[in-house]
Amino acid sequence: MRYVLNGESHETPAPLSVLDLLTRFDLRRQRVAVAINAEVVPKSRFAEVLVRDGDKVEVIHAVGGGA
Amino acid sequence: MRYVLNGESHETPAPLSVLDLLTRFDLRRQRVAVAINAEVVPKSRFAEVLVRDGDKVEVIHAVGGGA
Amino acid sequence: MRYVLNGESHETPAPLSVLDLLTRFDLRRQRVAVAINAEVVPKSRFAEVLVRDGDKVEVIHAVGGGA
Amino acid sequence: MRYVLNGESHETPAPLSVLDLLTRFDLRRQRVAVAINAEVVPKSRFAEVLVRDGDKVEVIHAVGGGA
Amino acid sequence: MSSSFRLGDLELHSRLIVGSGKYKSFEENRLALDASGTELTTVAVRRVDLTSRAAGSLLDWIPPERFHIIPNTAGCSTAKEAVLTAQLARELLGTRLVKLEVIGDPRTLFPDTVATLEAARILVAEGFTVLPYITDDPVACMRLEEIGCAAVMPLGAPIGSGLGIRNPANIRIILESVSCPVIVDAGVGTASDAAIAMELGCTAVLMSTGIAAAKDPIKMAHAMKLAVEAGRAAYEAGRMPRRLHAQASSPEQGLIDLP
Amino acid sequence: MSSSFRLGDLELHSRLIVGSGKYKSFEENRLALDASGTELTTVAVRRVDLTSRAAGSLLDWIPPERFHIIPNTAGCSTAKEAVLTAQLARELLGTRLVKLEVIGDPRTLFPDTVATLEAARILVAEGFTVLPYITDDPVACMRLEEIGCAAVMPLGAPIGSGLGIRNPANIRIILESVSCPVIVDAGVGTASDAAIAMELGCTAVLMSTGIAAAKDPIKMAHAMKLAVEAGRAAYEAGRMPRRLHAQASSPEQGLIDLP
Amino acid sequence: MSSSFRLGDLELHSRLIVGSGKYKSFEENRLALDASGTELTTVAVRRVDLTSRAAGSLLDWIPPERFHIIPNTAGCSTAKEAVLTAQLARELLGTRLVKLEVIGDPRTLFPDTVATLEAARILVAEGFTVLPYITDDPVACMRLEEIGCAAVMPLGAPIGSGLGIRNPANIRIILESVSCPVIVDAGVGTASDAAIAMELGCTAVLMSTGIAAAKDPIKMAHAMKLAVEAGRAAYEAGRMPRRLHAQASSPEQGLIDLP
Amino acid sequence: MSSSFRLGDLELHSRLIVGSGKYKSFEENRLALDASGTELTTVAVRRVDLTSRAAGSLLDWIPPERFHIIPNTAGCSTAKEAVLTAQLARELLGTRLVKLEVIGDPRTLFPDTVATLEAARILVAEGFTVLPYITDDPVACMRLEEIGCAAVMPLGAPIGSGLGIRNPANIRIILESVSCPVIVDAGVGTASDAAIAMELGCTAVLMSTGIAAAKDPIKMAHAMKLAVEAGRAAYEAGRMPRRLHAQASSPEQGLIDLP
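Chains as they are written, first to last, in numbering that gives the first Met the number 0: chain C, 0 to 66; chain U, 0 to 66; chain W, 0 to 66; chain H, 0 to 66; chain R, 0 to 258; chain Z, 0 to 258; chain X, 0 to 258; chain F, 0 to 258.
Take these hints with a grain of salt, some might be off.
To be verified - Cross-link-like lysine-lysine pairs, in silico, DSBU-like; alpha carbons within 35 Å at most:
#1 H:Lys55 to Z:Lys23
#2 X:Lys214 to C:Lys55
#3 X:Lys214 to X:Lys23
#4 Z:Lys214 to Z:Lys23
#5 X:Lys79 to X:Lys23
#6 W:Lys55 to F:Lys214
#7 H:Lys55 to H:Lys42
#8 C:Lys55 to C:Lys42
#9 F:Lys23 to W:Lys55
#10 H:Lys55 to Z:Lys79
#11 F:Lys214 to Z:Lys79
These are calculated hints, taken from the structure and not from any lab test.
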C-alpha cells in the first residue's frame with residue numbers, strides 16, 4: 000500500500016491508523032494536525048481513522064511566519 | 000399593450016416597431032441605441048423588431064460624464 | 000520727579016529706592032525682576048538702588064508663553 | 000620684481016603693464032578680467048596700469064559652473 | 000516628439016485622455032479638448048430624457064475625425080449593468096473600445112474589483128477592447144491583463160478628489176507586474192500630478208475633474224497637455240539620482256584668493 | 000503664452016533659468032540651453048589656468064544675442080570674495096546682474112545667510128542687480144528684499160540633491176512675505192519638481208544638475224521647459240479644490256435599469 | 000489607560016498584534032513579544048519536516064496563558080488552500096480565530112481580493128472568526144464586513160517593505176466605510192508608522208518584520224508598544240488643527256521697551 | 000530606560016520639553032506637565048500689569064523641585080531686547096539657561112538668523128547657557144555651535160502650525176553638521192510628529208501648542224511622552240531597511256499540497 004505523506008511517497012505492507020503513522024515518524028508527542036485527502040482528521044479520531052492506499056496525508060505544525 | 004420605456008410605463012393599442020417608438024417620441028433623428036429586456040437591438044433592425052406587451056425598453060444616448 | 004514704569008509715566012516728590020517702588024505698587028512679595036534704563040538691578044541691591052528723574056523702569060515677572 | 004599671478008609667484012626684471020602681462024601669458028585675445036590686490040582693473044586701463052613689486056594679480060575668465 | 004502607443008486597434012500620439020462632463024457648456028468642453036491636445040475622449044451613456052429635450056448633444060461638438068470617442072460604463076454597479084451598457088454603447092458609437100467602470104461604492108466611487116473582473120471577462124470574450132478602471136492593486140491589474148484587457152487603469156486617488164498620485168509605490172509595482180499599458184485614471188488635480196504619473200513610467204493619464212473643475216478649464220487643459228509631455232520626456236531622459244547632499248556643479252579648482 | 004517678468008532691466012519670457020557646468024561638452028551644454036528654451040544662463044568665474052590652455056571657452060558656444068549670460072559667485076565663502084568676484088564678473092561680462100552665492104558649508108553648499116546679506120548690501124549699493132541664493136527662510140528673504148535685491152532665490156533642496164521642493168509650506172510663506180520675484184534655485188531633480196515650484200506661484204525656476212546629470216540632458220532640458228510652462232499655466236488656471244472623496248463627474252440621473 | 004476592543008470572543012487591551020518568524024531564535028521571538036506588551040501573536044502552519052527534526056517548537060516558547068496564539072494562512076494562494084489551512088490550524092491550536100491571507104502574487108505578497116472574499120465567505124459560514132489581510136481598498140473592506148469578518152486588515156504598505164502608511168487617505172476612507180475594527184497589517188517599519196496608523200483611528204496594528212528585522216528587535220518591540228499607545232492616546236486626545244502659519248503662544252501684551 | 004543628556008549643567012532624562020501658555024488654567028498647565036513626564040519647562044517674561052493684579056502666578060503651580068524652569072525671550076525682535084530679557088530672566092529665575100528666540104517676522108514667527116547669532120554671541124560671553132530657536136538651516140546651526148550654544152533648536156515647522164517635521168532632510172543634515180544636541184522646536188502637532196523627530200536622531204523635542212491646543216491637553220501630553228520615548232527607542236533599536244517590495248516573513252518551504 001502506498002500513501003503520500005507531506006509530498007513524499009511511502010510504502011507500507013498493511014493499512015495503518017493515523018496514530019500508527021505518527022508513531023512511526025516519531026510525531027506522537029508533537030503538537031500536530033492531520034488532514035487526509037484535504038479533510039481534517041480530528042485529534043480525537045487519530046486512533047480509529049485509517050490511512051488507505053493512495054491517500055494523501057498532511058501532517059502540519061505551527062511555525063513562526065506570516066504576518 | 001403596456002411597455003416600460005426608460006423606467007416609465009406607457010400604453011399603446013397595438014404592437015409597434017422600435018422605429019415607430021422612436022418616431023413617436025421624436026427620437027428618430029437622434030443618435031440613440033436601444034435595448035429591449037436587456038438585449039441590444041441593432042440599429043439595422045429597428046424597423047422590424049417589435050415592442051411587445053410587458054417589454055422593458057431602454058433608449059440611451061451619449062452624454063458627458065464618467066472619467 | 001518723573002519716571003516711566005512699564006511704559007507708563009509716574010510722578011513722585013522724592014527719589015525712591017527700587018524696594019520703595021515695589022512696595023508702592025504692592026509688588027514686594029511678588030517674584031519680579033527689575034531693570035532701570037536697560038540695566039538689570041540685582042535683587043540684592045533693591046534697597047540701595049534709587050530710581051531717578053527720567054529713569055525708565057521695567058518690572059517683569061514670569062508668565063506662560065513662548066515655546 | 001616679484002608678483003603673484005593666480006596664486007603662483009613670478010619674477011620679472013622690470014615693471015610691466017597689465018597688457019604686457021596678458022601678452023606674456025598669451026591671454027591678450029582671451030576674454031578675461033583682471034584684479035590687482037583685490038581691486039578690479041577696468042579693461043580700458045590695461046595698457047596704463049602697472050603691475051608692481053609684491054602685487055597679487057588675478058586673471059579670471061568665465062567657466063561653466065555654479066547654479 | 001515622443002513615440003506613440005496602442006490601445007487595441009487605436010494608435011495614439013497624445014498621452015492625455017480627457018473625460019467629458021462637468022463643463023459649463025458643450026463649447027467649453029470642446030475648447031478644453033482642443034487645448035489638451037488629446038486624441039481620445041470618453042463619454043457616458045444615459046437614458047434619453049423623454050420629457051425635456053436638451054438643445055443639442057455633446058456629440059455634435061466633438062468631431063469624430065478629430066477625436067476618438069469611447070464610451071465608459073460610469074454609474075454601473077454590477078457586471079451585468081456594465082456589460083449591457085457597453086453593448087449599447089458599442090451599437091451607439093460604433094467602437095469596440097470601452098472604458099469599464101463598475102462602481103462598488105456610490106459615495107467614494109471606488110471600483111468593485113470582483114465585478115470589474117467579471118465584466119471584463121465577458122466583454123473581452125465578446126470582442127471588446129476593454130480599458131478597466133481599478134484600484135491601485137497590483138494583483139487586480141495582473142488579473143485584468145491575464146483576462147485580456149488592452150490596458151489597466153489604476154486610480155491615482157479617488158475620482159474627483161484632486162489628490163494626485165497618492166501611492167506612487169503601488170503604481171511602480173503595477174508597472175513592474177504587467178506588460179500592458181498602465182494608464183492612471185482619476186486623482187490628477189493639477190499639472191504636476193500628471194507629470195508625476197508619467198515620470199513613473201505610465202503610458203498615459205486620463206483625467207476629467209482636474210481640467211473641468213479648474214477656475215479656467217481651457218488653460219488647465221493646456222497645462223495638462225504640457226505636463227504629460229514634460230513627464231514623459233523626463234521619464235525618457237532618465238532623471239538624475241537623488242542625494243541627501245549638495246554637490247557643487249562648479250569646478251572646485253581655480254577659486255580666487257583675497258589678499 | 001504666459002506673461003513676461005523682469006529681473007532688473009531684463010525682461011524675460013521664459014521662466015526657466017539654466018546653469019552651466021557639469022555637461023560632457025560645451026556642445027552638449029549649448030544644445031541643452033537650446034532645448035530648454037531659456038533666455039538666461041549663469042556662469043562661474045575662475046582663474047585662468049596658465050599652464051594648460053583649454054581648447055576654446057564656454058562663451059564661444061553661447062551666443063549673447065540669444066542668451067543673457069550672468070555671472071554667479073559660486074565657490075565664494077565670504078562676503079568679500081563674493082563682492083570681488085561680482086566686480087570682476089561685471090567687468091568681464093558687461094552686465095550688472097549677478098547671481099549671488101555665498102556658501103556657508105562646502106560639504107552641503109548651504110548658503111551663509113549673514114554673509115549673503117552683507118554681500119547683497121554692498122553689491123546693491125554699488126549698483127548691481129542682485130539675485131541672491133538663500134535658504135527657504137522667509138525672514139532672510141524679507142531682509143534681502145528690503146536691501147533692494149531684484150529677486151530672492153530660495154533653495155528647493157540642497158544644490159545637486161535632486162530632492163525637489165522639500166518644503167512647499169516655506170515657499171508659500173515666502174511668496175506671501177515678499178513682493179519681488181521668487182525664483183526657486185537648486186533641488187529640482189525632474190520635471191514635476193519644476194512644475195510644483197511654478198504651481199506654488201514662483202516667478203521662475205533655476206536649475207543646473209537636474210538637467211546636466213540626467214541620462215539624456217538635452218531631452219531633460221526640453222522636459223523642464225514643458226514642465227515650467229505647465230506649472231505656470233496650472234497656477235494661472237487655478238486648480239480644482241482637493242477633497243478626500245470621490246465625486247462623480249457623470250450625472251446621477253438617467254442610469255439604466257436592468258430587468 | 001485606553002479602552003479595550005474585541006475580535007470575536009477575544010477582548011484585548013493591547014492594540015499591538017505581533018507576528019512570529021524572522022527572529023534569530025525562539026528566545027528572541029519571545030523576548031520581543033514580552034517587550035511589545037502584545038496579547039496576541041500569529042503563527043503560520045507548515046508541514047512537519049520528516050527528515051530533520053527541529054530542536055523544539057515555537058509554541059514551547061509562547062505560554063498560552065500569556066499570549067493568544069492565532070494561526071494565519073500565510074503562503075496560501077487559493078481559497079481552497081486557505082480554507083484547509085484554517086481548518087487544520089483550528090484543530091491544531093483550538094481557536095476559531097484565523098488571520099486570513101490569500102496571496103495573489105508571490106513576488107510582492109499582495110493579497111488576491113477575489114480569493115480572499117471567497118475564502119472569507121466559507122470560513123465565516125464554518126464558524127471561524129475571520130481577520131482578513133486585504134489591500135487598502137474601501138470596497139473590498141466593505142464586502143468583507145458584509146460577509147461577517149470580525150475585522151478588516153488593510154495593508155499599510157507591502158509586506159516586509161517597511162514603507163509605513165503609504166496611503167493614509169485610503170485608510171481614512173476605509174474607517175468611514177466600515178463599522179468593524181480596522182487593523183493596519185503590514186508596512187510598519189518604525190515607531191512613527193505605528194503611531195500614524197493609530198492616529199488615523201485604526202483599532203490596532205499588526206506587524207512582523209518591523210520588529211524582527213530591526214537591529215535590536217527587543218528594543219524595537221518596546222518602541223512599537225509605546226508608539227501604538229502614543230498614537231491611540233493622540234487620537235483620543237484630538238489633535239490641534241493644522242495651519243500654514245505660526246501663531247504665538249505667548250501673550251502679545253506686556254513686551255518690554257528698550258530706551 | 001534611555002540614557003540621559005545634558006544641556007549645560009542640567010542633566011535630563013526626559014527628552015520632552017514643554018512650553019507654557021495657551022492652557023485654559025494654570026491647573027491644566029500643571030496637569031499637562033505632569034502627564035508629559037517632562038523635567039523642563041519654559042516661561043516667558045513680561046511686564047507686570049500694574050492696573051489689574053492677576054490672581055496667582057504660573058510659578059506657584061510649577062514646583063521647582065519637580066521641574067526645571069527656564070526663561071525664553073519670546074516676543075523679542077532685536078538682539079538687544081533679547082539680551083536684556085535674558086538678563087532680567089536670569090535674575091528672576093536664578094538660572095543661566097535661556098531659550099533664545101529673536102523673532103524676525105511677527106506674522107509667521109520665523110526667527111531672525113542674524114539677530115539670533117548676535118544675541119547668542121553676547122549671551123554666551125556673559126556666561127549664559129544658550130538654547131537658540133532657529134530655522135532648519137545647517138549653516139546657522141553650525142555658527143550657533145561655533146559661538147558656544149549648548150544646543151541648537153531648529154524649527155520642525157512654523158510655531159503654532161502643527162505641520163510636523165516639514166523637512167526631515169534638513170534635520171538630518173543638521174544632525175550631520177553639528178555635535179551639540181539638536182532639539183526640534185516648534186511644529187509638532189501630534190504624537191507621530193514627535194516620534195519622527197526622535198527617530199531622525201534628535202536629542203529632544205520642545206513643544207507647546209501641540210499639547211495646549213489639543214482637545215484634551217492632558218491626554219495629549221501623555222501621548223507626547225510616549226511618542227518621544229517610542230521615537231527614541233526606535234532610533235536606538237535601528238529600524239529595518241526600506242524596500243519597495245514585499246518579502247515574506249514566513250518560510251517558503253513546507254507549504255501544503257491540495258489534491
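Against the structure, the hints:
1. H:Lys55 to Z:Lys23: holds, 34 Å
2. X:Lys214 to C:Lys55: Not satisfied, since the Cα-Cα distance of roughly 42 Å exceeds 35 Å.
3. X:Lys214 to X:Lys23: Between X:Lys214 and X:Lys23 the Cα gap is close to 11 Å, so the pair holds against 35 Å.
4. Z:Lys214 to Z:Lys23: holds, 11 Å
5. X:Lys79 to X:Lys23: holds, 32 Å
6. W:Lys55 to F:Lys214: The hint is violated at about 42 Å.
7. H:Lys55 to H:Lys42: Roughly 17 Å separates the two Cα atoms, so the pair holds.
8. C:Lys55 to C:Lys42: Given pair C:Lys55, C:Lys42 holds - Cα atoms ~17 Å apart, limit 35 Å.
9. F:Lys23 to W:Lys55: Between F:Lys23 and W:Lys55 the Cα gap is close to 34 Å, so the pair holds against 35 Å.
10. H:Lys55 to Z:Lys79: holds, 16 Å
11. F:Lys214 to Z:Lys79: Distance ~53 Å between F:Lys214 and Z:Lys79 Cα, so the pair is violated.
Comparing the model with each earlier hint shows violations of hints 2, 6, 11; every other hint is respected.
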